[in-house]
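Visitor: With chain B held as given, fit chain E with the ligands onto it using these hints.
From first to last, the protein sequence lines stand for chains B and E. Each residue of the first sequence is one higher than the one before, counting from 163 in my numbering. Each residue of the second sequence is one higher than the one before, counting from 467 in my numbering.
The hints are simulated quantities; they were obtained by calculation from the structure and are not laboratory data. All C-beta atoms in this analysis are idealised placements derived from N, C-alpha and C, irrespective of residue type, glycine included. Check the hints yourself; a few may be wrong.
[As the list claims (entries may be wrong)] In silico BS3-like pairs for lysine-lysine, Cα to Cα no more than 25 Å straight-line:
1) B:K411 <-> E:K785
2) B:K421 <-> E:K785
3) B:K411 <-> E:K745
4) B:K268 <-> B:K245
5) B:K421 <-> E:K745
6) B:K404 <-> E:K483
7) E:K643 <-> B:K272
8) B:K182 <-> E:K745
9) B:K268 <-> E:K745
10) E:K605 <-> B:K411
11) E:K782 <-> B:K421
12) B:K404 <-> E:K605
13) B:K312 <-> E:K648
14) B:K182 <-> E:K605
15) E:K643 <-> B:K312
16) B:K411 <-> E:K752
17) B:K272 <-> B:K411
[To be verified] Label-pair restraints from in silico Cβ distances:
18) B:D315 <-> E:A637: 34 to 40 Å
19) E:A586 <-> B:K361: 44 to 50 Å
20) E:H645 <-> B:Q365: 54 to 60 Å
[Stated by the list, open to error] Listed next, the stretches of chain E that the computed footprint assigns to chain B, with coverage defined by at least 3 CB atoms under 8 Å from CB atoms of chain B:
21) 564-574
22) 597-606
23) 643-651
24) 709-716
25) 768-777
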Amino acid sequence: MSLRIVVCVKYVPDATGDRKFADDLTVDRDDVDGLLSELDEYAVEQALQIAEEADDAEVTVLTVGPEDAKDALRKALSMGADKAVHVEDDDLHGTDVMGTSLVLAKAIEKTGYDLVIAGMASTDGTMGVLPAILAERLGVPQVTLLSEVKVEDGVVTGRRDGDAASEQLEASLPAVVSVTDQSGEARYPSFKGIMAAKKKPVQSLDLDDLDIDAEEVGLEGAWTAVDSAAERPARTAGTIVKDEGEGGKQLAEFLASQKFI
Amino acid sequence: MADILVYVDHVDGAVRKPTLELLTLARRLGDPVAVALGNGAADTAAALAEHGAVKVLTADAAEFADYLVVPKVEALQAAYDAVSPAAVLVPSSAEGKEIAARLAVRIGSGIITDAIDLEAGDEGPVATQSAFAASFTTKSRVSKGTPVITVKPNSAPVEAAPAAGTVEALAVSFSEKAHGTKVVSRTPRESTGRPELTEAAIVVSGGRGVNGAENFAIIEALADSLGAAVGASRAAVDAGWYPHSNQVGQTGKSVSPQLYIASGISGAIQHRAGMQTSKTIVAINKDAEAPIFDLVDYGVVGDLFDVVPQLTDEVKARKG
Ligand SMILES: Cc1cc2nc3c(=O)[nH]c(=O)nc-3n(C[C@H](O)[C@H](O)[C@H](O)COP(=O)(O)OP(=O)(O)OC[C@H]3O[C@@H](n4cnc5c(N)ncnc54)[C@H](O)[C@@H]3O)c2cc1C
Ligand SMILES: Nc1ncnc2c1ncn2[C@@H]1O[C@H](COP(=O)(O)O)[C@@H](O)[C@H]1O
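So that you can see chain B by itself, here it is in the shape it has in the complex (with noise of 0.2 Å):
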C-alpha cells in the first residue's frame, strides 16, 4: 500500500530583507520578496528520502496562504515532490495559528494521509508550535523536533535533541513530524527537476471546500490580537577600538567601568 506524505511548508517574507508589519499590524507580505521558508526544505527533503525508502510512496507539498505562495510550492515540486495543494482565500488574511492550523488540518484529512512533515518553525512567526497543534488536532502522535528520522512497517521513529537529553522517539503511522535543519541538507532542484515541476498537479482548495466558516479564520476570527508594533530603537552607536596590541586591555577596562569584573 501506497504511503502517502503530505509536507506542510510556508511561504514566507525573505528573512534578509526588510521585514516589517503592514498598517493593520499582520506580517507585510508585499514590500519584501517571499519564498519557502528554508527551514521548510529541510521537511520537503526528509520527505523526498523517506518516500525513496518506501517501495510506494506519494509526496504531496501543502500551503496556506496568499496567490504567491504557489512560489513555494514550486520549490518544493522542483526538489521531487509529486503534487502540490494551495488552499487560498480572501478571507485568510491574518489568520493566527489557531485558524491556521484548522485550515491545514482540514486540508490534511482531505488530501488523506499517513505522514505529515512540517519545519521545525516558520522563519517568520517562528512559532514553532504548529506541529504539535496540528496533532492534536488530526489525534494522531506527534514526533516532533527531530534531528533524525526514518520510516519503517508502519512506525515512525527519530531522534529529538532537547535540553536537557537527547530522546530516541517511536509512533505508529498515522503520525505528524517535525524535523530540525540538523536533518540534513536540502537538495537543490535540478535543471531537470525545474522543467518536470511545471507539469505537475497543483490543486487549489478554498474554505468552502474545506467547509469552513469566514468567521473561524482571518483576522476577525484571530484568536489573538496584536495591538501594536513599533521599530526596535536602533542601538545607540557604541565605542569601537582597533587592536592595535592593547585591544584586549582596553575590552576589560570597558567590562570593569559596567561593572562586569
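Guide: Just chain E with the ligands now, kept in the frame of chain B:
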C-alpha cells in the same frame, strides 16, 4: 484575586530559573498556582513558595518520562479544570511551547509564544514579543478563551515573595492519546559545570573565526574567567567545532544576557535573531565592516587570537 496557573520546569525537583521569573510575572496578574510534574515534583514546593506560589499541584507517573509531551498536556489540563485560572503561563522551552499549544487547543484558547514581558491589562494580560529577528517589538493579547502564554528566559527578575505554597496532589488519568509517542531511550546531556546558556548573565560565543574545535579552548577560558556560558554560531556548529546545544540564533537558543561577547562572528540576521536583545553587546572581529559591529556597545577590530587571551588574563588579574 484570580489564580494564574504556572507550569514548572524543574530537573528532579530543582526548579529552573525561568520558572521563578514566571512567578514574578504571574504575581502581576493574580495568585500563582504552580503545577509540577514528574520525578521530584513535590521537592519543588519550597522554592516555589518562597517566590510566590500560593499553591503547588504535583503529580508523578511513569507516563511523564515514558511518553512525549501529551501526558504533561493532560496533567496541565487537569490542573486547569481544577483551578479555572485567569491565565496559564509556561516557560518558553521547545517542550514548554508544545505543551502550551496543545493545552490551548483543548481548552479553546488562543496562544502567545515567546513573550519577553507581561503586564496586566483591561482586557487581560498584555504580552510584549519581539519579531523579525528582534527588529520589532509588539504588544499582543489573547482574544479568545483563557490566555495561554509562554515566556522566554530572562524576561523578568527573580523576586522573593513568600507565600503559602500548599502542596496538593493533582489527580490525573491518562487517555489513550497520552501513549502515542514512546520515548524509547534517553541520553542526558553531560554537564559542563558552566551556567545554562539561556539563563546565564554572561554569554561568550565563538564563530567561524575561531577556526577549529581545539581553539574553542580560548573561548571557554574567557567564559570561565567571567563565570559565563559558552555559545557558538551555526557556522562553528556545522563545522563540528562545538555542540549544537550551544548554538545561538534562530535555529539554536535565543539568549538575552546582561553581557554577550561575540568573537569571530559576522552577525548574520539568523545569529542576531538569537542575541540581539542582550543588554550589553561586545564583539571582537578582524573585519571592521562585519555587521556585528552595528550592534555593539564596545567593539575591538582585531585578531581574536590576540585579543581574547589578553582579555582573559586581564579579567583574571582584576578579579585577583
Ligand atoms: C534557516 C537558517 C537558520 C540559521 N540559523 C542560525 C542560527 O541559529 N545561528 C547562527 O549563528 N546562524 C544561523 N544561520 C546561519 C547564518 O546565516 C550565518 O551563516 C552564520 O551565523 C555565520 O556564522 P559566523 O558568523 O560564525 O561565520 P561567518 O559569517 O563566516 O563570519 C566569521 C567572522 O569571523 C571573523 N574572523 C575570522 N577570523 C578571525 C580572527 N582570527 N579574529 C577575529 N575575527 C575573525 C570574520 O571577519 C567574519 O566576520 C542560519 C541560516 C539559515 C538559512
Ligand atoms: N501557512 C502555512 N502553510 C503551510 N504550512 C505551514 C504554515 N504555517 C506553518 N506551517 C508549518 O508549520 C511549521 C511551524 O510553523 P510555526 O509554528 O508557525 O513556526 C512550519 O515549518 C511549516 O511546516
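Visitor: Hints numbered earlier in the text: which of these fail when held up against the supplied structure?
Guide: 6, 9, 10, 12, 17, 19 and 20
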